[in-house]
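> Each chain, written out:
2 protein chains.
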Amino acid sequence: MGQFPINIEEAIEWLASFGGELDGGVTRTLYSQPWKEAQQALKGWMEDAGLLTNYDSIGNLFGRLPSPHPNAKTILIGSHVDTVKSGGKYDGAFGIIAGIMALDFLKKKYGQPAINLEVVSFCEEEGSRFPLALWGSGMMTGLYSYKDIVDIKDSEGISFETAMMAAGFVNSEYRVRKDIQTFIELHIEQGPTLEKVEKSIGIVKAIVGQKRFRITVKGESNHVGTTSMKWRRDALHGAVNMIHDLYEIAKKSDEDLVTSVGQLFLEPNVPNVIPNQVQFTVDARHPNESVLRSFCQQFSQQFQEHAKKKDLNIHVEMWHEVQPAQMDNKLNEIIQNICTSSAISFYRMNSGAGHDAQLFARVCPTTILFVPSQGGISHSPLEYTSTKELETGLEVLIQILHQLAY
Amino acid sequence: MGQFPINIEEAIEWLASFGGELDGGVTRTLYSQPWKEAQQALKGWMEDAGLLTNYDSIGNLFGRLPSPHPNAKTILIGSHVDTVKSGGKYDGAFGIIAGIMALDFLKKKYGQPAINLEVVSFCEEEGSRFPLALWGSGMMTGLYSYKDIVDIKDSEGISFETAMMAAGFVNSEYRVRKDIQTFIELHIEQGPTLEKVEKSIGIVKAIVGQKRFRITVKGESNHVGTTSMKWRRDALHGAVNMIHDLYEIAKKSDEDLVTSVGQLFLEPNVPNVIPNQVQFTVDARHPNESVLRSFCQQFSQQFQEHAKKKDLNIHVEMWHEVQPAQMDNKLNEIIQNICTSSAISFYRMNSGAGHDAQLFARVCPTTILFVPSQGGISHSPLEYTSTKELETGLEVLIQILHQLAY
Numbered sequence: 001m002g003q004f005p006i007n008i009e010e011a012i013e014w015l016a017s018f019g020g021e022l023d024g025g026v027t028r029t030l031y032s033q034p035w036k037e038a039q040q041a042l043k044g045w046m047e048d049a050g051l052l053t054n055y056d057s058i059g060n061l062f063g064r065l066p067s068p069h070p071n072a073k074t075i076l077i078g079s080h081v082d083t084v085k086s087g088g089k090y091d092g093a094f095g096i097i098a099g100i101m102a103l104d105f106l107k108k109k110y111g112q113p114a115i116n117l118e119v120v121s122f123c124e125e126e127g128s129r130f131p132l133a134l135w136g137s138g139m140m141t142g143l144y145s146y147k148d149i150v151d152i153k154d155s156e157g158i159s160f161e162t163a164m165m166a167a168g169f170v171n172s173e174y175r176v177r178k179d180i181q182t183f184i185e186l187h188i189e190q191g192p193t194l195e196k197v198e199k200s201i202g203i204v205k206a207i208v209g210q211k212r213f214r215i216t217v218k219g220e221s222n223h224v225g226t227t228s229m230k231w232r233r234d235a236l237h238g239a240v241n242m243i244h245d246l247y248e249i250a251k252k253s254d255e256d257l258v259t260s261v262g263q264l265f266l267e268p269n270v271p272n273v274i275p276n277q278v279q280f281t282v283d284a285r286h287p288n289e290s291v292l293r294s295f296c297q298q299f300s301q302q303f304q305e306h307a308k309k310k311d312l313n314i315h316v317e318m319w320h321e322v323q324p325a326q327m328d329n330k331l332n333e334i335i336q337n338i339c340t341s342s343a344i345s346f347y348r349m350n351s352g353a354g355h356d357a358q359l360f361a362r363v364c365p366t367t368i369l370f371v372p373s374q375g376g377i378s379h380s381p382l383e384y385t386s387t388k389e390l391e392t393g394l395e396v397l398i399q400i401l402h403q404l405a406y
Numbered sequence: 001m002g003q004f005p006i007n008i009e010e011a012i013e014w015l016a017s018f019g020g021e022l023d024g025g026v027t028r029t030l031y032s033q034p035w036k037e038a039q040q041a042l043k044g045w046m047e048d049a050g051l052l053t054n055y056d057s058i059g060n061l062f063g064r065l066p067s068p069h070p071n072a073k074t075i076l077i078g079s080h081v082d083t084v085k086s087g088g089k090y091d092g093a094f095g096i097i098a099g100i101m102a103l104d105f106l107k108k109k110y111g112q113p114a115i116n117l118e119v120v121s122f123c124e125e126e127g128s129r130f131p132l133a134l135w136g137s138g139m140m141t142g143l144y145s146y147k148d149i150v151d152i153k154d155s156e157g158i159s160f161e162t163a164m165m166a167a168g169f170v171n172s173e174y175r176v177r178k179d180i181q182t183f184i185e186l187h188i189e190q191g192p193t194l195e196k197v198e199k200s201i202g203i204v205k206a207i208v209g210q211k212r213f214r215i216t217v218k219g220e221s222n223h224v225g226t227t228s229m230k231w232r233r234d235a236l237h238g239a240v241n242m243i244h245d246l247y248e249i250a251k252k253s254d255e256d257l258v259t260s261v262g263q264l265f266l267e268p269n270v271p272n273v274i275p276n277q278v279q280f281t282v283d284a285r286h287p288n289e290s291v292l293r294s295f296c297q298q299f300s301q302q303f304q305e306h307a308k309k310k311d312l313n314i315h316v317e318m319w320h321e322v323q324p325a326q327m328d329n330k331l332n333e334i335i336q337n338i339c340t341s342s343a344i345s346f347y348r349m350n351s352g353a354g355h356d357a358q359l360f361a362r363v364c365p366t367t368i369l370f371v372p373s374q375g376g377i378s379h380s381p382l383e384y385t386s387t388k389e390l391e392t393g394l395e396v397l398i399q400i401l402h403q404l405a406y
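Residue numbers (the working numbering), protein chains in the order written: chain A, 1 to 406; chain B, 1 to 406.
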């Protein structure tokens, strides 16, 4: 028919046309018009590939290649259809596209599987329209409920529920599925690791835990020229000593630990006045919860000591926390063997960003596979992965599903 | 008559009423209506005290107690009548008030001096309306000229010259006076030193030199979670190491050195993105030019090394520079002896802020005396010095002038 894409390259451009922008960016936020059109188009493509389609009550879209066995469990594969504002063409999209293409291939070549194979296009993962992330997988895994969207509005004041209803979905009882046996996500890395180590596939050991803090340091404003160094309560001097030590402590941890100060505000922020207040954020991540907790305790304690030494007040507030999620070892071994026997290079690594897979990991064997991101760039119109790299990802996914379901 | 103040306390409140605000602050910027009214009122008070008054062509106001000798030189005393926006009642004002009251007292008690005594109310020092400071003393000392005000406008787009003409002064040839033999300024300290050391009079050794820098550090933005610490070009990490070392190097200098980072901007300043740019200011001051220059060279070199180590780009720009001004040793000895014999406690110190005296120091023997500032607070409605402390300052000034001019 020519209506639907016939290869990965075409499929990426086709899906990116829903919410596509002049600079190559894509904006497809939850329940928006481009979002609706993208889900409807994907539904059409799934049906064209011979899959049984349906939406759940919040807008997750499914395409099923059923087993003939009535009590068969389901292997779910897929990713999210929503994007950040001015995001790229690959984030989320690739996982859905690869899922549909894998099932199309397997159906044509091997017919019906012994275990149901199902591709999902999650309605939402990014948290880019409403201040809530992982909505699609959160509801599917029973970890979220409708309570989580009460009182949530977008930047234009539209409530979550109003937007959902406008897109044709209603706040009805959500039925958590019991048949999901395995979840597999294929995603771009969104970081530079695979490119740096020159490997084709990232096999994810864990999605890191995150702790985010807001630190407020208070001292006293004074005239720069007339206040001797020894009488100052310089909030920035204190904050700089804290951040300096944050990185020193990080150096002593293992190389899975990442930490960063991304935001910092000074007051009054005038060249000839000693700052009386500094507010800064600390983002710390590690795949092991106890390592992460110990790191955060160490730097918090060091911050308190610096504040005491310089007669400053300090307030440390943790405003965001995500537990690490361990990917399934057995699944990863299967994938590693597939790569080895197909002479596809791989790298075992952690995911520093969050993904739908982190919620499925709590309820069933789950893993996530990465393909390289050029320059590590993501959440940008410059996001790019070559067709060859995408094809390698699809090839591995097909082999996994063949091995698990036939 | 009751029209003019009869003591210091009254005089401070009286002068503060021109441009006075509800919260006790004073806004009296150059050539504004409150400025004109204040100068006119001061002229009236000077005349009431028997002084010969005149304005120069830019609006500096003089009140003269003449010597009978036709070729006598002049000892000039005074300070500036302009204020910062929402400034205090004492900054500048006290030096003028004390000058008028000293001359009034000396005239009544001792009659005509051997050397002319003259009080000046400088039109401008703060740079708070136009981006040019020390206008009054700059013209008087011949260090400034009308060229310095070409193309200068205030925040409302009014040119310097237009404002000057509207206040009744014209851009005519400025005649630099040749008769000024000595300049003495009495001023509030604007810092906490006298209060901390519990002394009544600060005898200023030097007004510090200043160098102000703007440092731009450039790295690369990346996702906090997906970029290993070893692959980052984190502009803030680099900047923090630089600022940390700035303070360490300062510690190794003598205690006259002050330095501060008052302003800092991060980009993109988002919690989960590694900063790609940090821009910050460094303000460094010391009474000795070579010590100051050496300090600045040291930290600049250290900054370059940090940038190199972390593969960051750095640009160091010096955007403001003031040479140190040495106060006159002989004058200071006279003042010290006066304090000692009158049992008035004093402290020899530097001035970390700029003053009209720093320009006079280049053309004639000059000094500046401080009285304490409560809590070191200045440029604020909370600026305060007790009447007793002001009276001590006036008493010392009277004794100096008596000793020098009679």
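It is possible that some hints are incorrect.
Just so you know, same-sequence chains aren't split out, so a pair can sit in one copy or run between any two.
To be verified - Keeping only pairs whose Cα atoms sit at most 30 angstroms apart, straight-line, the calculated DSS-like set for lysine-lysine is: (1) Lys73 - Lys107; (2) Lys199 - Lys309; (3) Lys199 - Lys43; (4) Lys43 - Lys73; (5) Lys309 - Lys196; (6) Lys309 - Lys252; (7) Lys85 - Lys218; (8) Lys153 - Lys310; (9) Lys43 - Lys308; (10) Lys310 - Lys251; (11) Lys108 - Lys147.
By construction, these hints were calculated from the structure, which means they are not laboratory data. Every value quoted in this text rests on a predicted model; they were computed, and no experiment measured them.
> Next step is simple, just say for each hint if it's right about the structure.
The hints, checked one at a time:
1. Lys73 - Lys107: Classified as within: same-chain Cα gap 17 angstroms, cross-chain 108 angstroms, threshold 30 angstroms.
2. Lys199 - Lys309: between (48 angstroms within a copy, 28 angstroms between copies)
3. Lys199 - Lys43: neither (33 angstroms within a copy, 84 angstroms between copies)
4. Lys43 - Lys73: Classified as within: same-chain Cα gap 22 angstroms, cross-chain 98 angstroms, threshold 30 angstroms.
5. Lys309 - Lys196: between (42 angstroms within a copy, 20 angstroms between copies)
6. Lys309 - Lys252: For Lys309 and Lys252, the Cα distance is within 30 angstroms both inside one copy (23 angstroms) and across copies (19 angstroms).
7. Lys85 - Lys218: Cα proximity of Lys85 and Lys218: across copies only (25 angstroms, versus 35 angstroms in one copy).
8. Lys153 - Lys310: neither (42 angstroms within a copy, 42 angstroms between copies)
9. Lys43 - Lys308: neither (61 angstroms within a copy, 53 angstroms between copies)
10. Lys310 - Lys251: both (25 angstroms within a copy, 14 angstroms between copies)
11. Lys108 - Lys147: For Lys108 and Lys147, neither the intra-copy (43 angstroms) nor the inter-copy (86 angstroms) Cα distance is at most 30 angstroms.
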